[in-house]
Structures are given as C-alpha cells and as structure tokens.
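Protein chains in written order, with UniProt numbering: chain V, 1 to 366; chain H, 1 to 303.
Note that these hints are calculated values from the structure, not bench results.
The reader is advised that the hints may include incorrect statements.
As a list, the in silico DMTMM-like pairs of lysine to aspartate or glutamate whose alpha-carbon atoms are at most 20 Å apart [what the hints assert, rightly or not]: (1) K170(V) / D125(V); (2) K344(V) / D311(V); (3) K133(V) / D193(H); (4) K344(V) / E274(V); (5) K116(V) / E154(V); (6) K135(V) / D193(H); (7) K245(V) / D351(V); (8) K76(V) / D193(H); (9) K344(V) / D294(V).
Restraint ranges, calculated between C-beta atoms of paired labels, are given here [to be verified]: (10) D69(V) / G128(H): 32 to 38 Å; (11) T73(V) / L287(H): 41 to 47 Å; (12) P240(V) / P127(H): 49 to 55 Å; (13) G128(H) / T73(V): 27 to 33 Å; (14) L105(V) / A278(H): 56 to 62 Å; (15) E154(V) / L108(H): 39 to 45 Å; (16) V108(V) / G128(H): 37 to 43 Å; (17) P240(V) / S204(H): 46 to 52 Å; (18) P17(V) / S204(H): 32 to 38 Å; (19) H323(V) / T192(H): 43 to 49 Å; (20) A136(V) / G185(H): 22 to 28 Å.
Owing to the predicted nature of the structure, the values given are computational and were not obtained by experimental measurement.
C-beta: ideal position from N, C-alpha, C; glycine also.
Residues per chain, in single letters:
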Amino acid sequence: MAEVAYVNASRVFPGTPPVRAVDNLELSVADGEFLVLVGPSGSGKSTALRMLAGLEDVDEGAITIGGKDVTNTPPKGRDIAMVFQSYALYPHMTVAENMGFALKLRGVPKAQIREKVAEAARMLDLTKYLDRKPKALSGGQRQRVAMGRAIVREPSVFLMDEPLSNLDAKLRVETRANIAALQQRLGTTTIYVTHDQVEAMTMGHRVAVLKDGVLQQCASPRELYDRPANAFVASFIGSPAMNLKTVPLTAEGARLDGLVVPLSRAALDGAAAEGLSEVTFGVRPESLRLASADEDGMEMTVELVEELGADAYVYGSVRIGEHPERFIVRVDGRTPPAFGQQVKVTLRDADEVHLFHPETGLRLSA
Amino acid sequence: MSVDAAALQTARTGAGAAAPTAARRGRRSRLASVGLHAALVTASFVAVFPIFWVLVTSFKPDARAVSPTPRLVDESSVDNYVDVLSGARGDFLAWFGNSVTIAGLTTLLGVFVSSTTAYAVSRFRFPGRRGLMLTFLVMQMFPFAVLIVPLYNILLALGLQGRSLGLVLVYCTTAVPFCTYMLKGYFDTVPTDIDEAGRVDGLSPFGVFWRLVLPLARPGLAVTAFYSFITAWGEVAFASAFLSAADGSKTLSVGLQVFIQQNRTEWGHLAAASVLVALPAVAVFYLVQRFLVGGLADGAAKG
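So here's chain V without its partners, still in its complex pose (with noise of 0.2 Å):
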C-alpha cells in the first residue's frame, strides 16, 4: 500500500528535435486508489507508466511510491509489479512458476511460494492450468496468469500497460469487470493505462487525460463528463463523442441554425472580456432531442442512423453559417427518423451545453 507521485516529471527522447513523451507531469495517486490514465495513441500515457516502473528514465522532476523518491531506484527496487500489455510471460516455466517467480527471486520458503500462488490460482481460476506451460492456454487465461503474477507479489503499486486489449470483446468486459473488484478486494493502489475511454470511465476511481504528453485533466469520471476542463477532453471522453462547433455569438446566447442557444450571464460576460465573436459550442448527443414541427430548432438532414437496441445515434448535418456539420443526436429506438429525413434538432436542456474558448480550447462557462 502505498501513494504515488509524479512531480514535474518529464520523458525526453533524444531526436531532432527532441520528443517530450511526457511533459512535466504532475500528478499524485492516493493510496488504495485505482488511477486510469487515458489518451490517443502517442499521448505519452505508457511511458508515463514505464516511467513508474523503472523501465523509462525520468529525464526532469521526480517520482515518488510511497512518500520515497524512486527516481533513480532500479524496477526491482520499487516494490511494483506490472501486467503487460502483451503479457510478457515467460515461456520456458509453467504458470506457476511464472507466478511464482519474483517470490523465488526473493528467496521466499518453497512452501510459502506454493500457498500463495495456489491461493492466486483460486482467486483467478487458474487451479487447473498451474502445471501447464502459457503456450497451451487461451488469450484470456494468458491474461490471468499474467494477473496473477502481479498479485502472488503483494506489491505496494500495481501497473497494468492495456492489459485487456488484446482479447476479444466479451471477455474484455467480463475480465474488465473482475479487475475492478479484484482491485476492491485487494485495496492496492493501481495506475491503469488504455487508450479506450470506456475502460477508463468504468473502472477508475479517477481519470487522467493525457494528449501529446501533456495532462489535460484529472477528475472523477463523472467530472470528467460533466465538466470537461477542455474541448480535447469533451471530445475524447464519451461515445459517442460531444458535438463541438465554433458558433458566433449573440447578445441573447450563441446562434445555431435557427436556434438560439441562450447562455448564462456569466459566460457571455466571460466570452464578451476575451473579446470573442465566436466560441466553440458543445453539446453531448442526448442532451439534444428532435423537436416537434411547431418548435424552433437546427434544420437537420438524416445521413446514418446506428440502431443499439434501447437507444439510436442519428447523424445529420446542420448549416452553421455557409459550411454544413456533422451533428449527432440520440433519440428512442423505437422510432428513429429514415435515412434521407429532414428533422428539427433542440436540446433537451440549456443548462447541458459546453463552451470552450475557440482557439485555447479551455473550458469558459461555469
């Protein structure tokens, strides 16, 4: 058990110029809590893990695991364990000894070591293969085993690089599932790293967003959703994703195609003292309905409708001044609209809207 910390800690690959994978990171874990870190490929999100782990050297600033600076602490030193996203078993033992392994390293009794790998084995369902060499199991229990050599460890901090990524998708709910509550039971501080936002929405106790090694923000899930501290973060968080139009702004609100979204005081007079003409508008799709014909609304035509079951995405484009965009609604599905139809767009809520400086992207209203 243990907190962690980045304090300023930066990643710079050698090049021309220079790549700061990770830039001046600053961030603190608490202990017992499950952190995701999450972003587009090339965010910088898997060497800030490596980083903790000891495989990536901390050019600037430092790390800190449990109130010590590891900074220059070799990975044996750190009391981590880590599940790679490949698994990175070792094909020359069997699954209990891969288990087993880094107790073995520690000099641990023999018999201790077989007690808490079978103890593990229990625990992930593995009792039956711990003879077996990993080349004879499925993706997923490759996956376990891979589990249950971080917890046979009892470390203080758990690493997990996208250790769902490579199996299928009904497994990686399920198993996605079972981390979260294995990470309960255990109450082990865990850094998570995926690049896919519903893993990190579902199972993080907090998210970190990270873009081109830079953090965006870091905040509960639901935070993250409600108030996303810029327009990259409402973009990437969410599935669909938010709307996000630059809009020109009004005295009464910003102005859609034949709608007009009224704004708070407070924002219009933030977006008025930058001196904005313009801000970037955006709504969530089911904060957005289609109005009946006697209601204002945005003139929408129907280009794709997906079908999930209980809900349906209808995309369409709206004229915002001369260009058409694309904009995403959720309506019943039930009774989606056709291919092809001409629909009035309104939001559900005034209140749900989103604004971003244009050009900063940052979040302006309250």
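Chain V is already provided as a structure; the job is to place chain H on it using the hints.
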C-alpha cells in the same frame, strides 16, 4: 427442430461429397512419387557413401586399401585401430586429449563471449554498436592464410605461441563473430517485454540474460556451440602453425599427417584414425541436436 435436421442432413451430404476431393489433394501421382524417391535416394547415397567407404577402408590393411577392384571385405581386421590407439604411429591419445581440450575451451569461451556480446548488441544502444557488428562481418571475409603471420606475431608478443590457450584464442577470433551474428538473430526474437517483466520481478540485467533470455535462445546456443566445436576440432592450418612441433602437443588434425608420408600413404590407418576423430564430433552433435527445436518463445505473448 425439423429445420435443424434438414440443415444437418445437407451439411452431412455436403461433407461426404467433399471428402474424396480433400483426400485426393494431399496425394501424389505415382510418377511424381517415384521421381521424388529416386532423387532422395541418390542424394542420400552421394552423402553417405564416402563415410561408408572410410569405414570399410579402416578395417583393411594399408596394402589392400587402394585396389583397382575394390571389395567390401578384404583381409579385414581391427589391426589398424589397435595400431592407432596403442600409439605405435604417434601419440594418438595425447593428440586426442589436446583436441578435446582445445575444442572444448573454444566452445565454452566462444559461446560465452558471443552470447554476452550478442545480448548487448541486441538489447542496448551504445556508441560503436554498428561499427562492432560491421567489424565482425568484415573479419569473416579474410582468408585464413592471410591471418596466420599477423596472428603468429601477436601470439609471440603475448607469450602464447606454442600453447593451447593461444590456439583457443585464435579459434575464438573466427568463431565469435559468426556466433555473435547467429545469436543476435535469436535474441532479437525474444520479446523485450520478457526482459522488462523480469526486471520488474526483481532480476538484475545479468539475471535477465542468464535466467530468461539464454534459456529461450537454446536452439541458437546449440548451433553456436556446435559451430565453435567444429571450428576448433577439424582445423589444420592454424594448429600446425601455432602449436609446438613436439609430438605430444599436436592436435588430431595435425597428428593425422603422420600417416601421409612422401612416398606412401597408410590409407587403412588414416581411415581408422579418421573414424576415431569423427566420433566426438558426432557425440557433440547428438548432445546439442535435441535443443534444435523451434518455437521455444511461443506463448510469451498473445500470438
């Protein structure tokens, strides 16, 4: 239910109709089969006959060994072997011992040096890495004969001229570059994730090499061990140049020249000695060939 049964029925007939085609696809025509076997038999004969004839000759007296009308058995006995082993024609057992020592040391030193070098080149980025590999490549392009004089001078300066250790080092200069290339290729196939998992589990960098990477590169180690052994075992030019002329310090390949004199070659004795020389090489190959299996690193990652 009835629909299912009907579907099953169709599937079964479908499979039945497809079966003969599938069986026929794997079969060769009679002509192709005969041709293939004839080619294989010829190739095997070409490969095996010289060795077989050496074995046959080794039991014949020298006078009968070369004959215009060769016979399989012609006054055959084990006299040649007795002569060779008893030391009547030179200290065969001492040569044998020298060869085993020198080839064994070359194997150990060669595999150790090349495996550590190959691991470093495969895993670490350091200045001169490319230059090192290039040097290894270029070194293999020199003919042996060109190297004898410079190596002689170096050994003389080191005080190793005429000693077994000197010859071992000389053999390593040919074995190490080749083995390093070979092993680098093997180490490259072991995923680096395994190294990292090992380090997180508590291994030192050398521990990763010793306990994870080496066991996974066993086929490569077997090949390089065998190559190093053969390099040293059958070599003549370096051995005659760098070992002292005393009979007791010769290696087998040098010693065998005793049977080839200016006017007369003792074919029977030479063949018997050759058979004895070949035995350890066969034994070494037998020992290492069980490691020559592919796919040791399977199962490390989701394939």
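Checked hints:
Using a Cα cut-off of 20 Å, the hinted pair K170(V) and D125(V) holds, with the two alpha carbons roughly 18 Å apart. Among the hinted pairs, K344(V) with D311(V) is consistent with the structure: their alpha-carbon atoms are about 18 Å apart, no more than 20 Å. Taken as a hint, the K133(V) and D193(H) pair is honoured in the structure, with Cα atoms around 18 Å apart against an allowance of 20 Å. Under the criterion of a C-alpha separation no larger than 20 Å, the hint pairing K344(V) with E274(V) is inconsistent with the structure, at around 32 Å.
Only pairs whose Cα atoms come within 20 Å are accepted, and K116(V) paired with E154(V) is accepted, the gap being roughly 10 Å. At roughly 16 Å between alpha-carbon atoms, K135(V) and D193(H) fall within 20 Å of each other, so this suggested pair holds. For the hint linking K245(V) to D351(V), the alpha-carbon distance of about 17 Å falls within 20 Å, and the restraint holds. Restraint check for K76(V) and D193(H): the C-alpha separation of about 15 Å stays at or below 20 Å, so the hint holds.
At roughly 10 Å between alpha-carbon atoms, K344(V) and D294(V) fall within 20 Å of each other, so this suggested pair holds. Distance hint check: the CB atoms of D69(V) and G128(H) are about 34 Å apart, consistent with the given range 32 to 38 Å. With their beta carbons about 43 Å apart, T73(V) and L287(H) fall inside the hinted range of 41 to 47 Å. For the pair P240(V) and P127(H), the supplied restraint of 49 to 55 Å holds, since their beta-carbon distance comes to about 50 Å.
Under the hint 27 to 33 Å, the C-beta atoms of G128(H) and T73(V), about 29 Å apart, fit the expected range. Between L105(V) and A278(H) the Cβ separation comes to about 44 Å, which falls outside the hinted range of 56 to 62 Å. The hint said 39 to 45 Å for the Cβ distance between E154(V) and L108(H), and at roughly 41 Å that hint holds. Remark: the range hint 37 to 43 Å for V108(V) to G128(H) is upheld by a beta-carbon distance near 41 Å.
Checked against the given bound of 46 to 52 Å, the beta carbons of P240(V) and S204(H), roughly 49 Å apart, stay inside it. Remark: the range hint 32 to 38 Å for P17(V) to S204(H) is upheld by a beta-carbon distance near 35 Å. Between H323(V) and T192(H) the beta carbon distance is about 48 Å. The supplied range of 43 to 49 Å therefore holds. A beta carbon spacing of about 26 Å between A136(V) and G185(H) agrees with the range 22 to 28 Å that was offered as a hint.
The structure is inconsistent with the numbered hints 4, 14, although it conforms to all the rest.
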